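First to last, the sequence lines map onto chains S and W.
Using the working numbering, read the first sequence as starting at 1 and increasing by one per residue.
Using the working numbering, read the second sequence as starting at 1001 and increasing by one per residue.
To be clear, the hints were calculated from the coordinates, so they are not data collected in a lab.
Interface residues of chain W toward chain S, partial, derived using beta-carbon atoms under 7 Å:
1. N1156
2. R1159
3. N1163
4. G1165
5. V1175
6. P1178
7. M1179
Nothing here was measured: the structure is a model prediction, and the numbers come from that model.
Backbone N, C-alpha and C fix where the C-beta goes; we use that ideal spot for every residue, glycine too.
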Amino acid sequence: MSAYLDIVDVVKSYGAARPAVDGVSLAIGKGEFVTFLGPSGSGKTTTLMMIAGFEAPTSGDIRLDGRSLVSIEPHRRNVGMVFQNYALFPHMTAAQNVAFPLRMRGVQRAEQQRRVAEALASVDLQALAHRHPREMSGGQQQRVALARALVFAPDVLLLDEPLGALDKNLREQMQVEIKRIHREIGITMIYVTHDQTEAMTMSDRVAVFSNGKVEQIGSPLEVYNRPANRFVGEFIGDSNFFAGRVDPSRPGWVELAGIGPVRIATQATAPAGEVEVMIRPERLRLATGGDTGGADNTFDMTVDDVINYGDSLLVIGKTRGFPLRARMVGGAADGLQPGAALKLAWAPGDAHLLPRPPAERDSAV
Amino acid sequence: MTRFSDWFAWLVLLFLAAPLAIVVPMSFSNAPSFQFPPPAWGVQYYRAFFADPRWLQPTVNSFIIGAATAVVTMALGIPAAFAIVRHRFAGRGWVNLLLLLPLTAPHIVLALGYYTYFGRLRLTQTYLGVVLAHTCLCVPIVYLTLSAALKGFDRNVERAAMNLGANPWRVFRHVTFPMLRPAFLVAALFAFIQSFDETVVALFISGRDASTLPRKIFDSLRTQADPVVAVVSTLLLGIVLAGTIASRLAARRRRVETPA
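If we strip away everything but chain S, and leave its shape as in the complex, we get (with noise of 0.2 Å):
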C-alpha cells in the first residue's frame, strides 16, 4: 500500500524532558481505517495535534499524498477534526455548526444549506438541525461534530477520544455509525483512542503507542496474536507471561523457568536465547480426564478465584508458584470454587514468544 498520510520519524519536544513523541513513523494507506492506541502522555494525541496542525514537530516531516503538511497553518490544511468534547460553536445552531466550514469557504448560500442538509442527514439530525448544542445530548453533539467534520470533504478525518464522553451502549452505536460512514465515503480516518476494544472492533490497522513510540502497528489480530513485545501483549487484552530459554539444540520446546520444556509451534521470527513465552487466558482449556497426551502441554493449577463476567469466568491461581489466569466459556467451569485444583491444556501454538527485556534477564532465569 503506498502511503497517502506519510508520517516521517517526527519528534516533538517540549524543553529538556523525554520527547513527547520520540520519532514516530507511519505510513497510511488512503481510505485507511487506523487507530491510535495506547495509555494517556504515550505520544497518540500528541501526534494527531501535529497532523491537524496545532503543535509543529520538533524535527521529521508530515506528507499527505506527496506534499509536506509542516509549513501549512491549520486552517489551510483540509484536514477534518472531531474534539473529545465535542467543541461545537455554543452560540450557533446544529445547521450553523455545520455550515462553518462552508462559510469559511465562500460556498454558495443555496450550495450550503444542500451540503449542510444532506450533511445532518447523513447522520440523522435533520430534525434538530435548529438547536443549539445546549439542547442535545452528547451523543446529538457528537454527531454534530461529526457532521461538520465531513461536510466540507477533508483529505483526512482525525478523531480524537470521539466517544470518551459517552455511556457504553451509546459508545458502541457510534462506533457502528463512525464505521458505517468509514465504508460509505471511504474517507481516510485516524482514531485515538486509550479503549482496545474500540481499537479492536473498528480499526483496519492499529499502531500502539508507548512512551512517545510506536511500539507496533498492525491488524487488530496481528497486534493481539502476536504482539512485539511485552508492553503490547499487556495492554491488548489479558496475558499470561512466563521467562523461558530456547536452546538451539532442541527445534520446537522451550524451557520455562521453575515449570520445565513444553512444546511451541516454531514462529517465523521468533527471538531465540532468553524469551517470555505469552499465553492468553482464553487459550488455556480443561483437561478432560487422560487425553491430554499427544502434542498440548499441560498446567496444573490451584484456583485462588473465580471471577463471573456472565458470557465466561475468569479462573485466577496459580501454577508451581507463578500466577496463571485462564478463561472458561461456555460452562465448563460451572460451580468452581476458590481451593480447586485444575488440569489445564494448551496446544504448542497457542503460546508466542516474545524477546525479552535486558533488564529483567539476570533476575528472571
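Fit chain W to the known structure of chain S by using the hints.
Leaving out everything else, chain W in the frame of chain S:
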C-alpha cells in the same frame, strides 16, 4: 437556622435600602433645604435640575467621561488579559501584579499624584486628564473580569474553528468574540460605572470645565445643601434600576426562546 438567616437577609436589605427611603421622598419635597419628612410635595427641584446647565453639564460630562473611560480601558484590558492568560513570557508575573496595583492604592493617594503630575502636563481640568486617571482605576476591574472569563474558555472550540478553515482573525470574529461577548459587556459596564461613580480623583483634577456629576453633588452639598442633589440621586437610582430590570428581562426572553 433558616428563620434566622431569613431575618438577617431582610435586615441587611433594610440597612442597604434605608437611605433610598429617605432620598427618594426628599427629591419630591417643597422645602428650601434638606428636610425629612418633607413638609409638602412637589416636583420643583426636578424642574430646577433640567433647567440648570450647572447641573446638566456635569451630567453630560459624566456620561462622556464614563463612556470614553470604558472604551480606553477595554482597548487596554482586552489585549492585556489575552496576553497574560494565553501566553508565557518573561516578566508575566510582574505585569500581572502591575495591572492590579491601582486596586491596592488609596484613591486619595492616586488623586494627589495625578493632581501634581497632570498639572505639570496641563491635563488637569480636561476630559483627557479625567479619562486617563479613571482608566487607570478601571484597568484592574476590566482585567480581572476578562481574565476570569478567558481562563474558563475552551481552547478546543477555537482549534475546531481553525481546523474548519477559519484564519486567526475569523476565529476571533466568529467564535471567540461572540462567545465572550457577555464578559466584554460586563467588563465595559463595570468600567463605565466605576468612572461614573468616582469622586475623589474627579474632585482633584476635573476642575470646572470637566466637572463630573459626583463632583458637582459634592460641591453643591458643601455650599448650599440644595435638594436637587436628592433629585440627581433618585434619577441615577432610576437609571440603574431600569438597566437591571432590562437586562433581567432580556435574559429571561432568551431563555424562553431557546428552552434548555
